[in-house]
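Chains P and V supply the protein sequences, listed in that same order.
The opening position of the first sequence corresponds to residue 1 in this note's numbering, with each subsequent residue numbered one higher.
The opening position of the second sequence corresponds to residue 1001 in this note's numbering, with each subsequent residue numbered one higher.
These aren't lab readings, by the way, just hints derived from the structure by calculation.
Watch out, some of these pointers could steer you wrong.
To be verified - Quick look at which bits of chain P chain V covers, simulated, 3 or more residues with Cβ under 8 Å:
(1) 17 to 23
(2) 27 to 36
(3) 66 to 76
(4) 93 to 105
(5) 120 to 127
Ideal Cβ positions, reconstructed from N, Cα and C, are used throughout, including at glycine.
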Amino acid sequence: MKKGTFEVKVGLAEMLKGGVIMDVTNVDQARIAEDAGAVSVMALERIPADIRAFGGIARMSNPEMILKIKEAVSIPVMAKCRIGHFAEAQILQELGVDFIDESEVLTPADEENHIWKKDFHVPFVCGCRNLGEALRRIGEGAAMIRTKGEPGTGDIVEAVRHMRMVMGEIRRLANLDHTELMAAAKHLGAPFELVEWIAKNGKLPVPNFAAGGIATPADASLMMQLGAESVFVGSGIFKSDDPKQRAEAIVKAVTHYLDPAVLAEVSKGLKDAMSGIAAAGLPEEEKMAKRGW
Amino acid sequence: MIKTGVLAIQGAFARHAATLSACGAEVRIVKYRRDLEGLDGLVLPGGESTTMTKMMGYRINYEDLFRFAEKNPVFGTCAGLILLGRGADDARVRQFALVDAEITRNAYGSQKESFVDDIPLEFDRDNAFHAIFIRAPRIQSLGNNVRVLASCGGFPVLIESELHLGATFHPELTDDRRIHQYFIQKIKEIKNGKKQST
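All chains should be built: construct the whole structure from the sequences, respecting the hints.
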């Protein structure tokens, strides 16, 4: 019997496919998320929109709050640690968190290196803007990849850019001849073995989810149609005027992402989505997607 | 050709569909009530049983699935087995109670307790099956009409009744197709039996 193997880590990511992972900051929100049909909750002290507003250093959440949420729901609980902060990750693993998000939403702890995720029994999800970044994270042991998008904005444009970039680069690799793969690996800044694997299989070796700016059922469907296998919704639910209805609508939109009749039905009657911030108008130093290397 | 459906509300349905196709079955993704028509068997995949419960009642109902599962072969893995069984004692999960097996959800703990183990199968003891257990449920007790096909750590992990098959692990995550093939064979036998009796 073996625990913490790569197939066990990817196995949980497989079980989360076709679902919605929701950011929650307390027990009440976690229950609303679970009741609405979320497949998992991300326990954090402040949702990305508030991290932006609050400023200062954003760190791993208080363990007590994570444990309370774990106690309140039966679905898997995720939590975020800072990029490169393996001690925070060790604490989260000890707490029994089901998935760790090494996240650009928090203030990075290391500007050169990410966590060596193969040292852990608990699986990691990491953000990416392109295929090279995704493959570097998988090379370090990530069991799930998500787009970074631009968290806390409610603007889908960056998530779309990142998903199109990843899927487009996968399609390009699948068309290359073997001789061209080493140069492709060099240009991508990605491990050669993973580049070779993608050229052969035409997909990522781990589930590929979307995050960063999803605020409506239509946003969720868009990301699924572009190739995402599940969606993370951060600020989009609890910054809206109708979290419960919106959470349920987004869950239905993900299951039926190819059915416009369902999408129209669940979009009707929703109150205002989060007002949001245009990602294009953000000063460069405020863009979270730029964190990570 | 055997027509199998895979319930696709949420979870590892695509992996099941790929394995069933590789076994030579015709496969249909099931999201709507109408998708159940004409199927010879159905797979209830792993995923989150709370999410599946919530979504039963939207485009496909608990009753639709219950009526199908009552009369036709169904294979449930992990969350799918929880739905087929009974005794989860959790208002968030609505079970069919069609397999006389008492099941506890997340019985091994959080994800860091998830594991793999090589286990012998009752119908092919010579080659172990590489079984992947993800936040797995545990079968606590079984009725007389339920047969154990594999065990792990002293608990049954693969069981069958007259119509149904259930696993607490995930055969769809490996390339080993023996359990899916066993399910297809079971569907064939049930189908032939029905023909003979009419």
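Results for each hint:
Using a Cβ-Cβ cut-off of 8 Å, 3 residues of the segment 17 to 23 of chain P lie near chain V, which meets the minimum of three, so the contact claim holds. For the segment 27 to 36 of chain P, the stated coverage by chain V is satisfied: 3 residues place a CB nearer than 8 Å to a CB of that chain, which reaches the threshold of 3. Figure legend: the segment 66 to 76 of chain P, annotated as covered by chain V; annotation consistent (4 residues with Cβ-Cβ distances under 8 Å, at least 3 required). For a cut-off of 8 Å, the count of residues in the segment 93 to 105 of chain P with a CB near a CB of chain V stands at 5, and the three-residue condition holds.
Judged by the Cβ-Cβ criterion of 8 Å, the segment 120 to 127 of chain P is covered by chain V as claimed, because 3 of its residues qualify and three suffice.
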